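Protein chains in written order, with this note's numbering: chain U, 2 to 291; chain H, 55 to 220.
These are calculated hints, taken from the structure and not from any lab test.
As the structure is a prediction and not an experimental result, all values here were calculated from the model.
Using N, Cα and C, we set each Cβ at its ideal position, and we do this for glycine too.
Please note: incorrect hints may appear among the correct ones.
To be verified - Only some residues are given here: those of chain H computed to face chain U with a beta carbon under 8 Å:
no. : residue
1   : Gly-111
2   : Ala-114
3   : Arg-140
4   : Ser-141
5   : Phe-160
6   : Pro-179
7   : Pro-181
8   : Cys-185
9   : Leu-200
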Amino acid sequence: MLVPLPRIPHTGGIPEGGISYFDIGISSLFRIMPNEPLISYLAALADDELVIGHRDSEWTGYAPILEEDIAFSNIAQDELGHSLALYTLAQSLGAGEPDIMAFERPWQEFTCCRFVSYPKGDFAYTVMRQYLYDEAEQVRMKSHASSSFGPLRDLSEKILAEEAYHLMHSRGLVQRLGNATEDSHRRMQEAVDQAFPQALGMFEETEGSAKLVESRIIRPEAELQEQWLAAVVPTLEQARLRLPLQRQGSALHIKCRADIGGRTKNHNEHLRQLVADLQHVYQSAPGASW
Amino acid sequence: MALTSTLSHTVEEVWKALDEVQDPEIPVLSLVDLKVVREIQVEGTSVTVRLVPTFAGCPAMETMRRDVERRLAAMGFTEVSVHIERSASWSTEQMMDSTKEKLRSFGIAPPPSKLESLHATLSVPVPCPFCESLDTRPDGEFGSTLCKQYFFCNACRQSFERFKPL
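Start from the sequences and build out the full structure, keeping to the hints where you can.
Written as C-alpha cells, this is what we have:
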C-alpha cells in the first residue's frame with residue numbers, strides 16, 4: 002500500500018523560508034517555518050526510535066540474564082513511546098498518522114540511520130550499540146533545549162528525563178564488561194570495532210536540515226557528533242577499548258569511514274526484513290481495531 | 055422527559071469522579087493522584103479532558119482513556135473528548151504527599167523529592183517500604199512497568215519496587 006509521505010498541508014508553492022501555519026491552525030508564533038524539512042527531521046528521529054526499539058524487543062525472553070531481559074524490554078517500550086510522540090509531532094505539521102507511518106509505509110521510505118537496522122548480534126554488540134545510541138540521544142535532545150520550535154523543546158525535555166535511566170544502564174554495562182574478563186573485553190572490543198563506524202551514521206544530515214539550522218530549530222549535525230565524541234571517548238577509554246581515532250593536539254580525527262545512507266533511503270536487507278516483521282500483524286488485517 | 059437539561063455537572067464534580075478512576079497498573083492510585091488528569095473543561099453536557107502520560111511510552115494510556123470515557127458517560131455527558139498529550143512533561147516533583155503515602159502502603163517506595171539533578175536524586179538511599187531500613191540496593195535501572203525500578207532490601211531480604219524519580 003502506498004501512503005502519501007510528508008504531506009504539505011496547504012495549496013500553492015512554498016514561499017522562501019517556509020509556509021504560513023495559519024491555514025493549519027498552529028500558533029501564529031510559528032507561522033514562518035520550513036515545515037517539510039522539519040517533518041523529515043522528526044520522521045527520521047521517530048524511525049530511529051521505532052527501529053532500535055524493535056531490535057531491543059528482540060531480547061524479550063532471550064537476554065542472558067533476567068535483569069537484562071527486563072531492561073531491554075523496558076527500553077524497547079520507552080523507545081517505541083518516543084517514536085510515537087515524535088510521529089505525533091510530525092503529524093501535527095502535516096505528516097501521516099503515526100500508525101500509517103509505522104505500519105503502512107514501505108520500508109524504502111524509512112529514513113532511520115543504517116546503524117539501528119543491523120541485526121541485534123550478540124549481547125556485547127547490543128550493549129555497545131545501545132550505549133552509543135543513548136549518548137547520541139542525550140546530546141541531540143539537550144541540543145533541542147534552545148530550539149526555536151517550542152513543541153520540540155517540550156518533547157525533548159520529557160524524553161531526556163526518561164533517557165537518563167537508559168544511559169546509566171548502558172554506560173554501566175560498557176564499563177563493567179570492558180573491564181571484567183579477557184573474554185568480555187575481547188567481545189566488547191569487537192563490538193566497538195563493528196559499531197563505531199555505523200554509529201557515525203546517526204549524524205548524517207536529514208533532507209533540508211540546513212534550513213532548520215538556519216531557523217535555529219536544530220543544531221548542525223557536525224556539532225552534535227563532536228559533542229557525542231566528547232562524551233563517548235572517556236567512557237570507552239575507561240573500559241580500555243580502542244577507537245579508530247587519532248589525537249592531534251586537542252582535536253580528534255576519525256580514522257574510519259562513516260556508515261551513512263539511511264537518511265537518503267539507501268538501506269540494506271536488514272531493514273527490509275525488520276520492517277516486514279514489524280508490519281506483519283498490522284498488514285494481515287489492515288484497519289482492524291484491537 | 056427532557057433528562058439532558060437537568061444533567062449538568064460542575065468541573066469540581068468531574069475532578070471528583072475522575073479521582074475514582076484507578077491507574078490500571080497501580081490500582082491504589084487514581085488518575086488524579088498521579089497527575090495524569092491535567093485539565094477538565096465542561097460545557098453543558100460535553101466534557102473535555104486532557105491526559106498526560108507519566109512515561110511517553112506508557113502502554114496503559116488507551117486503557118486510561120477508555121476508563122475515563124466510561125466514567126464520564128456514566129455521569130450523563132453526551133459528548134466526551136479525551137486528549138492524550140504525549141509530549142507534555144510529567145515529573146514526580148509534583149507528586150503529593152498523600153499519593154506517596156498510598157504508594158508506600160501498597161509496597162512501592164515513593165520517589166524522593168528531586169535534588170538539583172536526577173543523578174544526585176538517585177544517590178539518595180531508598181527506604182524499604184516494608185521495614186523502613188535504608189540498607190537497600192537497586193537491582194538495575196528498570197522494573198515491572200516503565201515507571202518503576204527493582205530494589206532489594208538487605209535487612210528484611212525483601213524485593214520491592216520504587217516509583218522512578220523523573
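Here is how each hint holds up against the structure:
1. Gly-111: Hint holds; H/Gly-111 Cβ to chain U Cβ min 2 Å, cut 8 Å.
2. Ala-114: Violated. Min distance 11 Å.
3. Arg-140: 4 Å, holds
4. Ser-141: Holds. Min distance 4 Å.
5. Phe-160: 20 Å, violated
6. Pro-179: Constraint on H/Pro-179 not satisfied, violated at 17 Å.
7. Pro-181: 20 Å, violated
8. Cys-185: Result: violated, 23 Å to nearest chain U Cβ.
9. Leu-200: Interface hint status for H/Leu-200: holds (6 Å vs cutoff 8 Å).
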